[in-house]
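If you read the protein sequences in the order shown, they are chains A and B.
So in the UniProt record's numbering, spot 189 of the first sequence is number 189, and the numbers just go up one at a time.
So in the UniProt record's numbering, spot 268 of the second sequence is number 268, and the numbers just go up one at a time.
Simulated from the structure, these hints should not be mistaken for laboratory data.
Every value quoted in this text rests on a predicted model; they were computed, and no experiment measured them.
Any given hint could turn out to be false.
[As the list claims (entries may be wrong)] Mimicking DMTMM-like on lysine to aspartate or glutamate, the simulated pairs with C-alpha atoms at most 20 Å apart in a straight line are:
#1 B:Lys82 - A:Glu101
#2 A:Lys64 - B:Glu135
#3 A:Lys24 - B:Glu135
[Unchecked claim] Here are the in silico distance ranges between beta carbons for each label pair:
#4 B:Asp129 - A:Val255: 28 to 38 Å
#5 B:Arg112 - A:His218: 23 to 33 Å
#6 A:Gly50 - B:Trp6: 23 to 33 Å
#7 A:Thr361 - B:Thr17: 48 to 58 Å
#8 B:Asp34 - A:His218: 55 to 65 Å
#9 B:Trp6 - A:His218: 42 to 52 Å
#10 A:Glu351 - B:Arg112: 19 to 29 Å
#11 A:His125 - B:Trp6: 40 to 50 Å
[Stated by the list, open to error] Residues from chain A shown here face chain B by an in silico Cβ test under 7 Å; the list is partial:
#12 Gln71
#13 Thr75
#14 Ala81
#15 Ile82
#16 Met85
#17 Cys100
#18 Leu104
No residue lacks a Cβ here, since even glycine has one placed at the ideal position from N, Cα and C.
Residues per chain are reported as follows:
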Amino acid sequence: MFPRRPHSSHPIGRGTGPVGYQSKVRVIDRYKVIGFISSGTYGRVYKAVGRHGQPGEYAIKKFKPDKEGEQIQYTGISQSAIREMALCSELSHMNVIRLCEIILEDKCIFMVFEYAEHDLLQIIHHHTQPTRHPIPPATVKSIMFQLLNGCQYLHANWVLHRDLKPANIMVTSSGEVKVGDLGLARLFNKPLHSLFSGDKVVVTIWYRAPELLLGSRHYTPAIDTWAIGCIFAELLSLRPIFKGEEAKMDSKKTVPFQRNQMQKIVEIMGLPRKEQWPHLVNMPEYNQLQTLSANSHSKSGASNLEKWYYSTINSHSATSVPSSNASLGQEGYKLLSGLLEYDPEKRLTAEAALQHPFFSTGDKVSANCFEGMKAEYPHRRVSQDDNDIRTGSLPGTKRSGLPDDSRQVKRLKE
Amino acid sequence: MAANYWESSQRRHWLFTREQLDDLRKKLEDQGQDLVQGYPLPQLRHLSIYFNQQIARLGKRLGVRQQAMATAQLYIRRFYSKVEIRQTNPYLVIATAVYLACKMEECPHHIRLVVSEGRNSWPDFFSGDTSKLGECEFFMISEMSSQMIVHHPYRTLTSLQGIFSLTQEESALAWSIINDHYMTDLPLLYAPHTVAIMAILLALVLRPNQTGVQSVGPAVGSIASAAQAALSSVHSSKPGSSDKQNAGPRTKVQRLANWLAESNVDIEDLVDCTQEIISFYEFQEQYNEKLTREQINRFVKARGLDK
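All chains should be built: construct the whole structure from the sequences, respecting the hints.
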């Protein structure tokens, strides 16, 4: 379409011959990559600093381009990348990770975010090392408030996150919690097609709401608040509260009933009953519940959540650690049970949860979740194995034997 | 943000004054003076009508809903406020906008299907190479700074039709006026609710039992003055004056005027907005599809942009 002019620095279209698309800014001109953070199905994340005095540090998410044969081709950007790019360009809230810019260059997409030193997964993990010691109650409270605050903002703007889990909740070194990774997020105001038809499976299984496990087709912001309930429980017990095993899709690509995950929920929450959840009987997988009850949970079916909660918050106090979570008290249980309510219509909304007495009783909620802490959490691991943001993630171009020095790698490249 | 027009990228980055828009376009022309002189094009309104026809053609083949086509039209208008049209293959830009809009509006089509339907629609001007469309997608998103969530007037219309007791015909007419406004600069100049109210006003003044918007050409002058009269009554009308249920169009216009008097809607904007669409309908009369097509096809071929 556009005049083609290989490797020319002409601005687009000045010449007469055809040119290809060229980004006006180049990611390596604007940022200096200082290390590799992580990779996922979408691509890779790098840590970087600005080259032109842009303050602070950055996390650059690079989307993996598709590859056809030896040559990387433009194959059309995935719908989820489009959603993430579009949503992040609109969102602006102190508890949602901030997008700085997006650079489309060399058939790759680079989303530049503010850098966050920690995430909840890492913080939770730290408290299991070398022995289990609880996250201080003031920290738990602050994290929960900020997390709900970010989620409330998303929901008020008709955005479902759909993948809330500890690894996606970022925490900056100044103790600000930021909801991150909107790769599965989408708008839920008047979708042209039902939300179900798009992507059949969402949310990492341990944080998946019961209505999704039971095959609900139209889901709501309540799936995010269930996940927040699971995260709250995990902040208290330092392990996932419902740690089920995922049933894999069969060859016909039908979505299987997640029996094991539902079983884990039932073990703590009891069996859902239609008296407390009127639409339960309309759930596509409703009949599966009978088979569950026959298994291990034949007793009254009452919830064990209260027992789980008190034994969790008191368990650490037996040790020598002074700051047990016992101070979170009864209001903590009420908030948890409100978030882990079976009926999505009765489940606490993010907005209602923010008004919960849990946050207004006891110590004032701090906007810095690390306030009053003596020790600092370990910094995010940044590896030097792959510092070349321009080629590093290309499938089949795995590089080895490069000097373990970013500047040297850079120079080789240029 | 996504639900809130006031904080949206649309209001913050894609709302211009007439002068700003003229400057942007002047700058593009100045940068490519040789091209502009070498390949004359019809006025922008007529190009927009042509693009709209082509989007509708492609959209029909793909079964795309109106809202996604509206989004595509807005993408094209934004894109061409940043890029000189003669630098591009408009057919590729149209197909790319439709492809991208469908993803954004949650009714995606595979890139290969869009390309093959593009090729069916414009066999002499459209490459079957999907990577061309993929490349153009990068170009388009980049020029739009990834700001792809758009607010349409349809939602305001839907929520206001009850308040003004619009009949089905009146709503349908207002809806089609909104469809038409994508062929003008209005979506870059006014908030979507302003456009929706303009459409309701015009629908009430035009009356659906008349022959419809397409053929109002000769009567445009009288419609304009009727709309003006309705708007000027906004200033004089007293809030709370009595409304009858099942009121005819005239009392509905009065009710709208009363409602406007109490709202924060800028009446000046509404007047300008009304004038713009009316003058569009006038220019529509002079549209020459053949000439427009030939002039576009000429530069596409001469510059090898279809390759």
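request  = If any of the earlier hints don't hold here, list their numbers in rising order.
outcome  = 9, 10, 12, 14, 17
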